[in-house]
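Trainee: Sequence:
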Amino acid sequence: MPKLLLATKNAAKVQEYLLLLRDLPFKLTNLAEEGIDTVVSETGDTLEQNAAIKAAAYASISNLLALADDSGLEVDALGGEPGVLSARYAGADASDEERVEWLLARLEGIPWGKRKARFRCVIAIVWPEGQVELCQGECPGIIALNPKGNDGFGYDPIFYLPHLGKTMAELSIEEKNKVSHRGKAAQKAREMLLKTAIGMKK
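Note that our numbering gives residue 160 to position 149 of the sequence shown, counting from 1, and the numbers run on in steps of one.
Worth double-checking, as some hints may not be accurate.
[What the hints assert, rightly or not] Restricting the straight-line Cα-Cα distance to at most 16 Å, the calculated cross-link-like pairs of lysine to aspartate or glutamate (EDC-like) are:
1. K199 / E149
2. K20 / D104
3. K14 / E45
4. K159 / D104
5. K159 / E181
6. K24 / E185
7. K24 / E186
The set of hints was computed from the structure by calculation and includes no laboratory data.
Generate coordinates for the entire structure from the input sequences, incorporating the hints supplied.
Mentor: Listed below in C-alpha cells is the structure:
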C-alpha cells in the first residue's frame, strides 16, 4: 500500500486528517513518523501558494506523495483579514489564545450583524515528480463576542456557526469534520486520491 505523507507539524491537524482520510488505499504517515524535522517557510501570498510550497517541499524531501494545507480566516469587517496571515496575525510566536484576543480586540465595537466571516482551506497534494493537485473548502460563520468551547484549535473558539448554535470549538471532531472548511476540502481530496489509487492499480 503506497504511503501518503500528512505534511504538517500540527498534531491536532494530523488527528483530523487521520479521520477525514481514513479507509483510503494509502498508508497515512506524518512528518514525525518519517523522521522529518525540516521546517518549510510559508512564503506565498495566497493559501494556494503556501499549501503547494509545503506539499512540494515535503514530497521532495520524503520522496512520497505529500499532502499539505493552508487555512485562513477571512473577516468581512476587517477587509478579509487575517486571511493568509491568520497563523501570524498576532505575531509569529503568538499562541492560539493570543491570536483570538488580538482578533477580538480588532473587532471591538463591531455589532453582531457585521461580524460575518469564513474559514477557507486549500489542500495541495504533490507527487515526488512535482505534479500538483489543489482542493478547496469554505465554511461561513460569525465571529463570536467571546471565546467558547475547549476543542479544536486556532480561531475555533470564536468562530460561531449559526445553523448549529455553537462555536467550532464546541463541536466534537466528528461534528467539525462534517461542516468545516478542512472537512469540505478533504472530501474533494478523498475523491481525487481514490481516482489516483485506481490509476496506480492499472
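Trainee: Hints numbered earlier in the text: which of these fail when held up against the supplied structure?
Mentor: Violated hint: only 4; rest satisfied.
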